[in-house]
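If you read the protein sequences in the order shown, they are chains S and U. With numbering that gives the first Met the number 0 applied, the first sequence covers 0 to 218. With numbering that gives the first Met the number 0 applied, the second sequence covers 0 to 413.
The hints are simulated quantities; they were obtained by calculation from the structure and are not laboratory data. Fair warning: this is a prediction, and the values are worked out from it, not measured in the lab. Quick reminder that beta carbons are idealized off the backbone N, C-alpha and C, glycines included. There's no promise every hint is true.
Stated by the list, open to error - Dumping the calculated SDA-like pairs for lysine to any residue here, alpha-carbon to alpha-carbon at most 20 Å:
id: 1; chain 1: U; residue 1: Lys268; chain 2: S; residue 2: Leu109
id: 2; chain 1: U; residue 1: Lys268; chain 2: S; residue 2: Ile120
id: 3; chain 1: S; residue 1: Lys21; chain 2: U; residue 2: Pro318
Stated by the list, open to error - If you anchor each label on the Cβ, the simulated ranges turn out as follows:
id: 4; chain 1: U; residue 1: Glu207; chain 2: S; residue 2: Pro59; range: 28 to 36 Å
id: 5; chain 1: U; residue 1: Ala390; chain 2: S; residue 2: Arg158; range: 33 to 41 Å
id: 6; chain 1: U; residue 1: Ala218; chain 2: S; residue 2: Asp196; range: 21 to 29 Å
id: 7; chain 1: S; residue 1: Pro59; chain 2: U; residue 2: Ala100; range: 53 to 61 Å
id: 8; chain 1: U; residue 1: Ala218; chain 2: S; residue 2: Arg68; range: 21 to 29 Å
id: 9; chain 1: S; residue 1: Arg68; chain 2: U; residue 2: Leu198; range: 33 to 41 Å
id: 10; chain 1: U; residue 1: Thr402; chain 2: S; residue 2: Arg212; range: 29 to 37 Å
id: 11; chain 1: S; residue 1: Pro78; chain 2: U; residue 2: Arg208; range: 49 to 57 Å
id: 12; chain 1: S; residue 1: Ala128; chain 2: U; residue 2: Glu207; range: 33 to 41 Å
id: 13; chain 1: S; residue 1: Thr63; chain 2: U; residue 2: Thr379; range: 28 to 36 Å
id: 14; chain 1: U; residue 1: Thr408; chain 2: S; residue 2: Glu46; range: 45 to 53 Å
id: 15; chain 1: U; residue 1: Gly230; chain 2: S; residue 2: Gln75; range: 28 to 36 Å
id: 16; chain 1: S; residue 1: Ala128; chain 2: U; residue 2: Ala256; range: 28 to 36 Å
id: 17; chain 1: S; residue 1: His47; chain 2: U; residue 2: Ala390; range: 54 to 62 Å
What the hints assert, rightly or not - Coverage of chain U stretches by chain S, computed from C-beta distances (three or more under 8 Å per stretch; other residues unrestricted):
id: 18; stretch: 175 to 182
id: 19; stretch: 231 to 237
id: 20; stretch: 242 to 255
id: 21; stretch: 279 to 288
id: 22; stretch: 294 to 307
id: 23; stretch: 328 to 335
What follows is the residue order along each chain.
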Amino acid sequence: MHAAKRAVIAEDSVLLRIGVVKVLETAGFEVVAEAGDAEGLLRAVEEHRPDIAVVDVRMPPGFTDEGVRAALVIRQQWPDTAVLMLSQYVEERYAAELLATNTSGVGYLLKQRVADVEEFIEALRRVAAGGTALDPQVVAQLLVRRPSDPVGRLTEREREVLALMAEGRSNAGIAAQLVVSESAVAKHINNILAKLDLPRAEGDHRRVLAVLRFLGVSG
Amino acid sequence: MTRSEGRPGRRARLTAQAAFLYTGVLLHGAAFLLWVWFSLTVVYAPGVAVAPLLFATAGATSVTWLQRRRFAAYADTAIPHTPPVKAPDAFRRAVGRLRTAAYWRHLGYHQLAGPVLGVVEAVALALWVGSIGGITYYAWYWLLPRHWAFVQWSDVDGWKMAVAGLVVLPFLPRLTGALLRLESVIARRLLGPSRAEELARRVEDLAERRAETLAAADAERRRIERDLHDGAQQRLVSLAVNLGLARATLTDLPPEARAVIDEAHREAKEALEELNHLVRGLHPHVLDDRGLDAALSGIAARAPLPVQLAVDVPERAAPAVEAVAYFVVSEALANVTKHARASRAEVTVARAGDTLRVRVVDDGRGGADPSGGTGLTGLTHRVASVDGTLAIDSPRGGPTTITVELPCTLPSAL
Numbered sequence: 000m001h002a003a004k005r006a007v008i009a010e011d012s013v014l015l016r017i018g019v020v021k022v023l024e025t026a027g028f029e030v031v032a033e034a035g036d037a038e039g040l041l042r043a044v045e046e047h048r049p050d051i052a053v054v055d056v057r058m059p060p061g062f063t064d065e066g067v068r069a070a071l072v073i074r075q076q077w078p079d080t081a082v083l084m085l086s087q088y089v090e091e092r093y094a095a096e097l098l099a100t101n102t103s104g105v106g107y108l109l110k111q112r113v114a115d116v117e118e119f120i121e122a123l124r125r126v127a128a129g130g131t132a133l134d135p136q137v138v139a140q141l142l143v144r145r146p147s148d149p150v151g152r153l154t155e156r157e158r159e160v161l162a163l164m165a166e167g168r169s170n171a172g173i174a175a176q177l178v179v180s181e182s183a184v185a186k187h188i189n190n191i192l193a194k195l196d197l198p199r200a201e202g203d204h205r206r207v208l209a210v211l212r213f214l215g216v217s218g
Numbered sequence: 000m001t002r003s004e005g006r007p008g009r010r011a012r013l014t015a016q017a018a019f020l021y022t023g024v025l026l027h028g029a030a031f032l033l034w035v036w037f038s039l040t041v042v043y044a045p046g047v048a049v050a051p052l053l054f055a056t057a058g059a060t061s062v063t064w065l066q067r068r069r070f071a072a073y074a075d076t077a078i079p080h081t082p083p084v085k086a087p088d089a090f091r092r093a094v095g096r097l098r099t100a101a102y103w104r105h106l107g108y109h110q111l112a113g114p115v116l117g118v119v120e121a122v123a124l125a126l127w128v129g130s131i132g133g134i135t136y137y138a139w140y141w142l143l144p145r146h147w148a149f150v151q152w153s154d155v156d157g158w159k160m161a162v163a164g165l166v167v168l169p170f171l172p173r174l175t176g177a178l179l180r181l182e183s184v185i186a187r188r189l190l191g192p193s194r195a196e197e198l199a200r201r202v203e204d205l206a207e208r209r210a211e212t213l214a215a216a217d218a219e220r221r222r223i224e225r226d227l228h229d230g231a232q233q234r235l236v237s238l239a240v241n242l243g244l245a246r247a248t249l250t251d252l253p254p255e256a257r258a259v260i261d262e263a264h265r266e267a268k269e270a271l272e273e274l275n276h277l278v279r280g281l282h283p284h285v286l287d288d289r290g291l292d293a294a295l296s297g298i299a300a301r302a303p304l305p306v307q308l309a310v311d312v313p314e315r316a317a318p319a320v321e322a323v324a325y326f327v328v329s330e331a332l333a334n335v336t337k338h339a340r341a342s343r344a345e346v347t348v349a350r351a352g353d354t355l356r357v358r359v360v361d362d363g364r365g366g367a368d369p370s371g372g373t374g375l376t377g378l379t380h381r382v383a384s385v386d387g388t389l390a391i392d393s394p395r396g397g398p399t400t401i402t403v404e405l406p407c408t409l410p411s412a413l
């Protein structure tokens, strides 16, 4: 067993920071640094080169989108560090900015998802391992912008599977969520890819990429 | 008591009347001479057409200013200001002033009414001096030389002078008072703003005040949003996280205790959801950061029915207008959810010139009535606050279309 994955956290609310650190430690991460603003975060990432940075979007001094901008810097300068953004509200626009260049090792979730500890830990591990975790609300926001006809051709169940794919979940994850068999999920996915004219990609990550491209957030 | 108060009041009034007459003669005379001088410049130096311009800038404004002071000090009359001419430099301001009706009224006051009033004031002043001088004739006549200023002073009948003075003097305060009131009326008419100018100024004032109120309300919403974000929301998230941790890690508790934790966890999350919804309705942060387009997908996605969104706003509108547009979509979708029994809705936002058009269409049962207290009243008010219009087309049986048009810029910078 190799060393524990290392994490830094940037969150200006001390109360919440303590909670998230506890969750990270429960998940087996080693929290090597804590920051209260974007500048501190960038310093910590440069110094520790962690496996993952958990970043609040709204931080001092401006309390607007400091976290998003810091995350973009991290992704450009230290691409080996995965970034999981947490926010009181999720916005598809921020997600699109984050995913524009590279969709691996990115997460963007509502803060309240941390409270669903098991699911959050799963998303954390997925992102740290180079996967994607998008909040269901981001996916819903992305869907309202799509012209309805191709999505309209999907069945209710297929739409659910599409949304879960966009969130970055694996076949097993989707199957567990919908309480169906993995082979049923695979069948749905094939139908979706066919109906939306998407390439039949090998591997979870390439499939996520295809879906996100369909939703218009990655190039 | 009234006497002791009345006396100084009376004396002050008489002093003010005298001062009013003196300054009147001086100012009207000065204005007239100024005008004569400028006119002569034009006549004897043809091509120097700057004289009226000079008068418009230096002459008329300073004499008008002095007249205002005079009426305020001695006639207890405030003459409202005429609307200022807005131009980048003094020359263009002067030229601009020539084109205003106010300038020509001022000119009329100084050049036409002024000389007449000046003469009337001089006569009134002469009556005062004459009657007081007449009454007191015996007290000072011996100071004069026998022949002075064309009058054989030693031949004047002192008692006739005294009688004439006594007869005239009692009428003078009332006469001066009447003249003062007449002058005040004329000055207000000619030096003050006309009714149209006054109304225009009031409209401008009100528009400005409304813009300020709007900005204040906006700032207040932002402040509350910020306070809730920094306080209650973080606490609730933290509470939910801790309960979530307890739920995930305290696996060896008795089932009753676990059930309590589960319940608390669920309720904390629901409370958070409700609070988030409320706070986001106040003022979404992404609206400032990324504009209307980015902010609207949030509410569209949160609606419990499928909503399709199309936004085409190449250039951002004023922040207050964006906030109203956001509120319109938010309220309209809330109404659709509550009342329309619709299966889907469509939101389109487009900018055409200086107009932002927001349209929300649903396929529900229709019959929406703006006066029916269905939240549409609040919508109408909010739209009207930025001079927007709202139209509802909702035949019984549907579909319902709400169209809102908003000006993209507001009169005063918001």
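These are the hints, each one checked on the structure:
{"no.": "1", "hint": "Lys268(U) to Leu109(S)", "result": "holds, 12 Å"}
{"no.": "2", "hint": "Lys268(U) to Ile120(S)", "result": "holds, 17 Å"}
{"no.": "3", "hint": "Lys21(S) to Pro318(U)", "result": "violated, 40 Å"}
{"no.": "4", "hint": "Glu207(U) to Pro59(S): 28 to 36 Å", "result": "holds, 34 Å"}
{"no.": "5", "hint": "Ala390(U) to Arg158(S): 33 to 41 Å", "result": "holds, 34 Å"}
{"no.": "6", "hint": "Ala218(U) to Asp196(S): 21 to 29 Å", "result": "violated, 49 Å"}
{"no.": "7", "hint": "Pro59(S) to Ala100(U): 53 to 61 Å", "result": "holds, 56 Å"}
{"no.": "8", "hint": "Ala218(U) to Arg68(S): 21 to 29 Å", "result": "holds, 25 Å"}
{"no.": "9", "hint": "Arg68(S) to Leu198(U): 33 to 41 Å", "result": "violated, 50 Å"}
{"no.": "10", "hint": "Thr402(U) to Arg212(S): 29 to 37 Å", "result": "holds, 35 Å"}
{"no.": "11", "hint": "Pro78(S) to Arg208(U): 49 to 57 Å", "result": "holds, 54 Å"}
{"no.": "12", "hint": "Ala128(S) to Glu207(U): 33 to 41 Å", "result": "violated, 59 Å"}
{"no.": "13", "hint": "Thr63(S) to Thr379(U): 28 to 36 Å", "result": "holds, 32 Å"}
{"no.": "14", "hint": "Thr408(U) to Glu46(S): 45 to 53 Å", "result": "holds, 48 Å"}
{"no.": "15", "hint": "Gly230(U) to Gln75(S): 28 to 36 Å", "result": "holds, 34 Å"}
{"no.": "16", "hint": "Ala128(S) to Ala256(U): 28 to 36 Å", "result": "holds, 35 Å"}
{"no.": "17", "hint": "His47(S) to Ala390(U): 54 to 62 Å", "result": "holds, 59 Å"}
{"no.": "18", "hint": "175 to 182", "result": "violated (count 0)"}
{"no.": "19", "hint": "231 to 237", "result": "holds (count 5)"}
{"no.": "20", "hint": "242 to 255", "result": "holds (count 6)"}
{"no.": "21", "hint": "279 to 288", "result": "holds (count 6)"}
{"no.": "22", "hint": "294 to 307", "result": "holds (count 9)"}
{"no.": "23", "hint": "328 to 335", "result": "violated (count 0)"}
Checked against the numbered hints above, the structure breaks hints 3, 6, 9, 12, 18 and 23 and satisfies the rest.
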